[in-house]
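Novice: Just so you know, the protein sequences line up as chains A and B, in that order.
Under my numbering, read the first sequence as residues 1 to 409, first letter to last.
Under my numbering, read the second sequence as residues 1001 to 1442, first letter to last.
Simulated from the structure, these hints should not be mistaken for lab results.
Wrong hints could be hidden among the right ones.
[As the list claims (entries may be wrong)] Derived DEER-like restraints, expressed as beta-carbon distance ranges: (1) A/212 - B/1314: 31 to 41 Å; (2) A/379 - B/1379: 49 to 59 Å; (3) B/1165 - A/379: 27 to 37 Å; (4) A/195 - B/1172: 32 to 42 Å; (5) A/292 - B/1384: 28 to 38 Å; (6) B/1211 - A/187: 17 to 27 Å; (7) A/376 - B/1382: 27 to 37 Å; (8) B/1154 - A/400: 52 to 62 Å; (9) A/195 - B/1086: 43 to 53 Å; (10) B/1165 - A/220: 33 to 43 Å.
[Claimed, not checked] If you want the ones that stay clear, here's a sample from chain B, every Cβ over 12 Å from chain A, calculated: (11) 1022; (12) 1031; (13) 1032; (14) 1141; (15) 1144; (16) 1161; (17) 1171; (18) 1238; (19) 1239; (20) 1356; (21) 1359; (22) 1360; (23) 1370.
We treat Cβ as the ideally placed atom computed from N, Cα and C, and that holds for glycine.
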Amino acid sequence: MKSLAAVAILSVGAALAVPAHADPLKIGIIESLSGAQTSTGRLFAAGVQYGVKDINAKGGFNGEPVEVVEYDNAGGSTGAADKFKQAVADGVNIVVQGASSAIAGQITEDVRKHNLRNPGKEIIFINVGAEAMALTGEKCHFYHFRYTTTAPMRVNALVKAMKAAGDLGTRVYSLNQNYSWGQDMQAAIEAAAPMGGYKVVGEVLHDVNKIQDFSPFVAKIKEANPDTVITGNWSNDLLLLMKATGDAGLKVRFGTAFLDQPGNIANAGETALGHYIANNYDNAAGDAAFAEDYKKVMGHYPLFVEPQTVFAMKSLQLALAKLDFHGGAIDTTKIALALEDTTYDSPVGPISVRKADHQTIRPVVVSKVVKDPKYPADGTDLGFAPVSVVPGAEAIYPVQSSCEMKRPS
Amino acid sequence: MSPPVSPSVRTPLLLALVLALLIGLPPFLDLGLQNALVNVLIAGLFALAFNLLVGQAGLLSFGHAAYFGIGAFATLHLMRAVEDGLAFPTPLLPLAGAAAGLAVGAVAGFFATLRSGVYFALVTLAIAELFHSLAPHWEGLFGGEAGLSSMRMPWGGLIFGSTLEVYYLALGWVTLSVWLLWAYTRTPFGRLTLALRDNEQRVRFLGYDAHATKVIVFAISAMFSGVAGALQAISNETANYSLFSAHVSAGVVLNTFVGGSTVFFGPALGAAAFTLFDHLVSDLTRSWQLYQGLIFVLVMLFAPGGIGGIVQHHLRHRRQLDWSRLAGPYALAGLGGALVAAGMVFMIESLSVLFGEGYAVLRRDAGGGHPPFEAFGAQWDPAGPLTWGLPLALFLAGLFLIARARRDIAALWESVRSAPAGRPAGRGPEASARSAPSGSPS
Chain A
1 MKSLAAVAIL
11 SVGAALAVPA
21 HADPLKIGII
31 ESLSGAQTST
41 GRLFAAGVQY
51 GVKDINAKGG
61 FNGEPVEVVE
71 YDNAGGSTGA
81 ADKFKQAVAD
91 GVNIVVQGAS
101 SAIAGQITED
111 VRKHNLRNPG
121 KEIIFINVGA
131 EAMALTGEKC
141 HFYHFRYTTT
151 APMRVNALVK
161 AMKAAGDLGT
171 RVYSLNQNYS
181 WGQDMQAAIE
191 AAAPMGGYKV
201 VGEVLHDVNK
211 IQDFSPFVAK
221 IKEANPDTVI
231 TGNWSNDLLL
241 LMKATGDAGL
251 KVRFGTAFLD
261 QPGNIANAGE
271 TALGHYIANN
281 YDNAAGDAAF
291 AEDYKKVMGH
301 YPLFVEPQTV
311 FAMKSLQLAL
321 AKLDFHGGAI
331 DTTKIALALE
341 DTTYDSPVGP
351 ISVRKADHQT
361 IRPVVVSKVV
371 KDPKYPADGT
381 DLGFAPVSVV
391 PGAEAIYPVQ
401 SSCEMKRPS
Chain B
1001 MSPPVSPSVR
1011 TPLLLALVLA
1021 LLIGLPPFLD
1031 LGLQNALVNV
1041 LIAGLFALAF
1051 NLLVGQAGLL
1061 SFGHAAYFGI
1071 GAFATLHLMR
1081 AVEDGLAFPT
1091 PLLPLAGAAA
1101 GLAVGAVAGF
1111 FATLRSGVYF
1121 ALVTLAIAEL
1131 FHSLAPHWEG
1141 LFGGEAGLSS
1151 MRMPWGGLIF
1161 GSTLEVYYLA
1171 LGWVTLSVWL
1181 LWAYTRTPFG
1191 RLTLALRDNE
1201 QRVRFLGYDA
1211 HATKVIVFAI
1221 SAMFSGVAGA
1231 LQAISNETAN
1241 YSLFSAHVSA
1251 GVVLNTFVGG
1261 STVFFGPALG
1271 AAAFTLFDHL
1281 VSDLTRSWQL
1291 YQGLIFVLVM
1301 LFAPGGIGGI
1311 VQHHLRHRRQ
1321 LDWSRLAGPY
1331 ALAGLGGALV
1341 AAGMVFMIES
1351 LSVLFGEGYA
1361 VLRRDAGGGH
1371 PPFEAFGAQW
1381 DPAGPLTWGL
1391 PLALFLAGLF
1401 LIARARRDIA
1411 ALWESVRSAP
1421 AGRPAGRGPE
1431 ASARSAPSGS
1441 PS
């Protein structure tokens, strides 16, 4: 709709024959804007819009406002490949995407090939949500930047904080989805065992978003008698799992990664009380100025994946401030180099890029579901209260040996 | 389908013209459209291959994504081998897709065609689902949920880096495949395929092995689907398990029926229409899939023969039709359709603005009231009579025009039908009524 209006305005503008002007920086969001994952895709797009609004309020870049184009990948990697080609045709300089590692895998490969074939016209991929290790492992390349956490960062922070709070126990059950993200989580849970002083008493990898009844899994968990279940499950797989646990009357604490997905708390209700989450940000953990400003501009407090997307845009804003192309052609390689040297002080701590694999070194916030928090979730009286903020230097893991990054000469 | 009544000189001429356009036009188009045309070619070939089964053999498969996907993965494996130094000409890569499609299609077809009707459809659906759930876990063959990726290697002085090169590669393969599919319908075996659809029992009594015949038809259809998948793999340079999803299977069914499964080129028309529709509309509005669904429902309700059916019906009667008298009512119906569409689009888009998050911010800023919203370059009051009256008026005016035009069109077609020369030589009266255009009563 907005874009329809934008097209109309653009065509009027073209008819008035605008005099020659500088190259605007173009950001293309390739997200799931229709279909099952729309709600998450929308949040990524909203985060970018908020970030770019501020860049443009401060004069834009290269003498022009930064342009944002939204592309609907229809929730699949084929759609994403297609929209990436459209983005290239539209002259996009930076691609932003977050929902789904499979789609990010497609886009990062497309960007790599495009950059190989079109030297001088490189495109940067800012990954704001895809957490598969491979993206900074065997698929890593110079023009990909990951502005979110990964499984080991979340698990390490979760284990540390839960242990310090005395809520971890010594028996941990790992239940995850059977694809790269879930496998990464399981590997991270195994790896963190010595540090957390626990024993992994059971491991399950199950189908992704296909299971309607988790009671057989709950029975298995019961048998293993764990103190804590750590899971990377998201969407229905998390919700139904928690509900099944509640129904079975099983007293177990959950350590999660995506409990803050909108709707989860409202759906789970009291069952969610006392469960943990490790995430990029929590409103109550940061300074309130960001949350309030976001609400002023966007109509709600920053949710779920919005903050990390905003922080990526803030980092980009700082990097752009170091550059000046004097209204001429935009050199994305220079932007990428500037991004590498940018540290953004987010409300929860500094975020910087690790040059070896372009994973961001960033704080991880661990919070717990409580009653009457500062920022209630989903219109309930429940919400998250931060337990600890693990600084970036502690949360980060060594560079994967599979990453062989070729830097621009 | 049945071959045209009188394969006049005009059909090859028309086809040559289309081919000349497909060859000559793309260099002058922008990159986005070039890419959209590659997708049109791929979707067109896939729909034609699918229609060999549904339109000609009368077997409705709900799992053709399986053979499309297999073709894509096989091609990617070959591409990776080429990347590692295997000497294989890049333009011949789709052969891998064809071979894999044929092989898997023969096996799957053997089981699926043991049953017919709904059970056949269910078996094909199950086979596609099998691949869909197997692929993300079979790291070696399908590359996990991230899939496989590769890069087109230069060959014989061609880099295969640009979209245009990919386009011509696809055009070559699609032209060859479509010609083969067309030639197939002219062979005795092609006739046997039609007989299978019309009366399987009779085919058996004539001494043919119906099951073996169906397996062969299934495998051929899968082979050409594999070529389409191969072209997609070459174009995207990756493939992952989502190629096996029910979405892909449903897409080809949609394209085929909107295009018209009773006409040879119908499915390709449907594929072209929907692919271009996606290209043009999917970034303009979030409701594009709703519009796509509406189009499908409307076509099925009012023109079950699809776009191809309408075109064929007109071509068949082009000499008996009084075009000068038809032009007026057709223009009126077109105008009516445009008005109905405008009214619908206005209402849907207004609703999506009103329920969107942007409007929630506006409302909050306005202190909970209902501030005017912006759409189509103007401001609208959500409670204003004009905001809802205008689309409703457009919608009703459009319906009125269509109803009027429909009466005139029906009368004109009635005169054609009652003329003795106008008897179509299709599949009997039922087929001709089924492929009647939207304006005529059927």
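Novice: Look at each hint and say if it fits the structure.
Specialist: Structure-based check of each hint:
no.: 1; hint: A/212 - B/1314: 31 to 41 Å; verdict: 50 Å, violated
no.: 2; hint: A/379 - B/1379: 49 to 59 Å; verdict: 31 Å, violated
no.: 3; hint: B/1165 - A/379: 27 to 37 Å; verdict: 54 Å, violated
no.: 4; hint: A/195 - B/1172: 32 to 42 Å; verdict: 59 Å, violated
no.: 5; hint: A/292 - B/1384: 28 to 38 Å; verdict: 34 Å, holds
no.: 6; hint: B/1211 - A/187: 17 to 27 Å; verdict: 49 Å, violated
no.: 7; hint: A/376 - B/1382: 27 to 37 Å; verdict: 29 Å, holds
no.: 8; hint: B/1154 - A/400: 52 to 62 Å; verdict: 31 Å, violated
no.: 9; hint: A/195 - B/1086: 43 to 53 Å; verdict: 46 Å, holds
no.: 10; hint: B/1165 - A/220: 33 to 43 Å; verdict: 54 Å, violated
no.: 11; hint: 1022; verdict: 19 Å, holds
no.: 12; hint: 1031; verdict: 3 Å, violated
no.: 13; hint: 1032; verdict: 4 Å, violated
no.: 14; hint: 1141; verdict: 16 Å, holds
no.: 15; hint: 1144; verdict: 6 Å, violated
no.: 16; hint: 1161; verdict: 4 Å, violated
no.: 17; hint: 1171; verdict: 17 Å, holds
no.: 18; hint: 1238; verdict: 6 Å, violated
no.: 19; hint: 1239; verdict: 8 Å, violated
no.: 20; hint: 1356; verdict: 7 Å, violated
no.: 21; hint: 1359; verdict: 9 Å, violated
no.: 22; hint: 1360; verdict: 5 Å, violated
no.: 23; hint: 1370; verdict: 15 Å, holds
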